[in-house]
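Chains as they are written, first to last, in the working numbering: chain U, 1 to 214; chain C, 1 to 151.
Hint data in this document are derived by calculation from the structure and do not stem from the laboratory. It cannot be assumed that every hint is accurate.
Some chain U residues near chain C, calculated using beta-carbon distances under 7 Å [what the hints assert, rightly or not]:
| hint | residue |
| --- | --- |
| 1 | Lys15 |
| 2 | Ile18 |
| 3 | Met47 |
| 4 | Val59 |
| 5 | Ile62 |
| 6 | Glu203 |
| 7 | Pro207 |
Idealized CB from N, CA, C, for every residue including glycine.
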Amino acid sequence: MGRGMGKPNDRVFQKKVIREAFSLLDTDSGPVISDFPEVILVKDGRMGYALPPDLVLSVEDIGDVDAVLAEVKAEIADLRPDYETAVAARGRTTVGASGLEIEEFALFVAGFLNGEIPQSPRKDMPAIPLLKLVVEDLEAYFTETRTHRDSIDDLELMGKWFWEESKTGRMLLLLEAVSIASKNKVMLQIVEMSLMAPRFWSEGPLPGTSAAGW
Amino acid sequence: MTKISEMPAVARGFISNLELPVIDDPSWTQPVPANKRRISIVSTAAVHRRGDKPFSWLAKDFRAFHKSERDLVMTHVAVEFDRSAWQQDLNTIIPLERLEEMADDGEIGSVAEEHYSFMGAADPVTMEKSARQAAARMKQDGVNTVFLIPI
Numbered sequence: 001m002g003r004g005m006g007k008p009n010d011r012v013f014q015k016k017v018i019r020e021a022f023s024l025l026d027t028d029s030g031p032v033i034s035d036f037p038e039v040i041l042v043k044d045g046r047m048g049y050a051l052p053p054d055l056v057l058s059v060e061d062i063g064d065v066d067a068v069l070a071e072v073k074a075e076i077a078d079l080r081p082d083y084e085t086a087v088a089a090r091g092r093t094t095v096g097a098s099g100l101e102i103e104e105f106a107l108f109v110a111g112f113l114n115g116e117i118p119q120s121p122r123k124d125m126p127a128i129p130l131l132k133l134v135v136e137d138l139e140a141y142f143t144e145t146r147t148h149r150d151s152i153d154d155l156e157l158m159g160k161w162f163w164e165e166s167k168t169g170r171m172l173l174l175l176e177a178v179s180i181a182s183k184n185k186v187m188l189q190i191v192e193m194s195l196m197a198p199r200f201w202s203e204g205p206l207p208g209t210s211a212a213g214w
Numbered sequence: 001m002t003k004i005s006e007m008p009a010v011a012r013g014f015i016s017n018l019e020l021p022v023i024d025d026p027s028w029t030q031p032v033p034a035n036k037r038r039i040s041i042v043s044t045a046a047v048h049r050r051g052d053k054p055f056s057w058l059a060k061d062f063r064a065f066h067k068s069e070r071d072l073v074m075t076h077v078a079v080e081f082d083r084s085a086w087q088q089d090l091n092t093i094i095p096l097e098r099l100e101e102m103a104d105d106g107e108i109g110s111v112a113e114e115h116y117s118f119m120g121a122a123d124p125v126t127m128e129k130s131a132r133q134a135a136a137r138m139k140q141d142g143v144n145t146v147f148l149i150p151i
């Protein structure tokens with residue numbers, strides 16, 4: 001999932017996939033279904049990174065929101081030169097789904113950590129849908145930077161780094177804790193359906209939820 | 001790729017309970033020869049041009065983008081699929097450059113002017129109106145082959 005043509009920056013492999021797909025049209029009747037002969041192995045039967053089920057934070061772990069915000073802002077700023085290098089090299093970036101500036105990401109997310117729903121800075125989108133897009137942007141910012149800087153293509157390593165090791169990932173796990181405790185139905189839905197933190201491929205649902213959304 | 005039996009619990013439970021559609025009367029249109037194919041991509045990745053309206057969580061509509069467009073962002077509601085590949089190379093999910101190369105080599109006829117993206121998390125049944133609109137635009141563009149690429 002997320003790798004329909006198989007491998008990034010591998011034009012030979014990508015064309016192999018495309019040709020195999022188009023070869024299905026060279027039959028006299030259909031519909032037809034066929035497996036691609038080459039299998040790219042995945043870890044533990046999953047097709048995306050998954051958080052360890054026991055890596056769960058609580059609202060008691062939040063502490064000083066300003067301190068959380070400060071360390072996340074510093075982390076984002078530290079990565080900025082390498083991010084800009086990656087964008088220049090690729091000629092594109094996928095960061096920007098939220099429409100916010102990179103400097104605004106951390107402040108907006110931190111605004112949820114006190115249990116309130118902050119005002120959306122976008123007139124055309126409420127705060128919670130925007131929050132999801134900011135999380136999307138944050139992960140893209142980190143991954144684009146590291147895949148280029150370190151010349152690696154390893155979704156497990158990228159997931160582990162961002163979600164388990166970075167300050168920003170920790171802030172998002174705190175946000176998850178806030179969501180579980182929230183009386184807001186949409187915030188709760190975000191965790192029930194794993195719409196923010198990657199738990200779909202985990203060995204069990206997030207404690208405190210039933211994964212009933214799935 | 002993985003098998004359902006090998007999937008972890010949450011994913012296995014969800015995917016195992018999905019209902020497979022029953023297609024009573026499948027149509028089969030004889031494809032045109034490969035070198036006559038004019039191809040448009042339909043992606044379920046919920047990508048769109050920067051500045052376009054983001055997809056809502058169960059969107060029934062679609063976004064179109066020109067074949068030369070590379071400044072795309074993703075507003076898909078689901079997070080269970082890997083984003084790191086398309087962040088590195090758009091061709092991993094929308095292989096416009098590969099198709100252009102194949103057109104240049106005469107393997108296919110041509111690449112359509114417009115390509116389309118839907119929200120793959122939504123029920124396709126709800127998308128019929130949008131699908132017909134996209135199909136009408138494809139016909140105007142002379143498209144005779146659709147490359148459907150699920151995310």
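> Is the shortest C-beta separation between U/Ile62 and chain C less than 7 Å?
Replying inline: Interface hint status for U/Ile62: violated (22 Å vs cutoff 7 Å).
>> Given a cut of 7 Å on the nearest C-beta pair, is the interface hint for U/Met47 held or broken against chain C?
In response: holds, 6 Å
> Holds or violated: U/Lys15 as interface residue toward chain C, Cβ cutoff 7 Å?
Replying inline: Because about 5 Å separates U/Lys15 from the closest Cβ in chain C, which is inside the 7 Å limit, the hint holds.
> Once the shortest beta carbon distance from U/Val59 to chain C is found, is it less than 7 Å?
Replying inline: Interface hint status for U/Val59: violated (22 Å vs cutoff 7 Å).
>> Interface hint check: U/Pro207, Cβ to nearest Cβ on chain C, cutoff 7 Å. Holds or violated?
In response: violated, 13 Å
> Against chain C, is U/Glu203 within 7 Å by beta-carbon distance?
Replying inline: Holds - the Cβ of U/Glu203 comes within 7 Å of chain C, reaching about 5 Å at its closest.
>> Is the interface hint satisfied for U/Ile18? The criterion is a beta-carbon contact with chain C at less than 7 Å.
In response: holds, 6 Å
The structure is inconsistent with the numbered hints 4, 5 and 7, although it conforms to all the rest.
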